[in-house]
Amino acid sequence: MKLKNLTTFHICGLNQEKLLNELCKKFTLTDIDRHTKNSTSFKCSYFEHAKIEKTLKNSGVKIESVVHEGIAYKLSKIFTSYGLVAAIVVFVVLFALQNQYILQYDVIGQDKLSQLEIVDFVKERFSAKKSEIDTKQVETCLLDNFSGLSFASCIIKGQTLVINIKEKLLPQEMYGQFAPLVAQKDGKITQISLISGTLRVKVGDIVQKGDVLVEPYTIDTSGQLKKVEAKAQILAEVYNEGSVDHYETFIEVNRTGKTAVQDDIRLFGLSIYTFKEDMNFKMYEVEFEDIDLSKNFFLPFKMRKTIYYELQQKTIESKFEDVQDEYIAKAKAKALENCEDCDKIKEEFYTLRHLSGVTVVNFCIVTEEDVGGY
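Residue numbers are given in numbering that gives the first Met the number 0: position 320 of the sequence shown equals residue 319, and the series is strictly consecutive.
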């Protein structure tokens, strides 16, 4: 399929020069080709072909063939297809009918409450028809029937009823205030300052992330267990590591700058026109872009633009000795990313491991941090 809306006439008859001159005065003709003395072909705009065809018939010229090309001709065939037109009408009617109802419920902000419980409550109490739903009434009903809510708001977005809620803050003890203090990182304990609770570790112990450091209870003088908040400052040496790999030989893939574009115009998901530039790339990557063409049309025309980017690969050879400082800096940067809220950096060092064509750089930063947390 070609892009321009053109019609090609092939005619036979006498006195064609005079006829063509008259046509050129009224219409724009292109690609005029005299095959023989009595045979000629030419092109004109598709939108003028009916008038030209009428003029040719009135002049007694024999029309051997008429060939149309372009999107306008394809659209005219679509609009004259009564089955398709009927399908479009039915689709529009059904879409208008179903668009009046809520088909989806979206609950935002719930934590303790069940989303399914809230959705089932709304479905049971209120109609799914948009015109019969009062969002203010839904909000009031939710607040009256769910004691754990402090705020509720509703909005209809498309065919989705969006319910935004906020739950009440309960007393801290109901959320497990007396939780144990656990290690947030791997490390070696260097200092302990206990405030309340029962210690499970001592200075010099090696702990892993998740290990319990302080239990949330104490034993009083009568031997009774009493729950208290586990609080302590526990400092530890933490080993923060970062690692990068250097390859002596590797393949690098880059774009060359050459592209090829394919445009696919669709109607109701069906492709009705495709234009694709020539592409002979051996390697390429693809990006897609969807464009809405229905701004000035009743029908929802859409265009999927596909862009092909040519790729080329080349082999890169690199000696580790030439880039050693760069890779050590990269490994150090990765190690520093793990040093969150560190109070003190005590030591830095790195190690190198040479394997078959690969050098592994491992950088370690030893920090002193408070590793206790809930």
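In short, the hints are calculated from the structure, not lab data. For each residue, glycine too, the CB sits at the ideal point set by N, CA and C. Do not take every clue at face value.
[Claimed, not checked] FRET-style restraints, in silico, Cβ to Cβ:
| no. | residue 1 | residue 2 | range |
| --- | --- | --- | --- |
| 1 | N337 | V161 | 38 to 46 angstroms |
| 2 | L224 | L354 | 13 to 21 angstroms |
| 3 | F120 | Q190 | 49 to 57 angstroms |
| 4 | K56 | D32 | 53 to 61 angstroms |
| 5 | L115 | Q136 | 27 to 35 angstroms |
| 6 | G157 | S355 | 51 to 59 angstroms |
| 7 | A86 | S149 | 35 to 43 angstroms |
| 8 | L112 | K187 | 39 to 47 angstroms |
| 9 | L292 | F120 | 38 to 46 angstroms |
| 10 | G157 | F274 | 26 to 34 angstroms |
| 11 | H353 | F274 | 27 to 35 angstroms |
| 12 | Q190 | N337 | 16 to 24 angstroms |
Those earlier numbered hints the structure runs against, lowest number first: 2, 4, 5, 7 and 11
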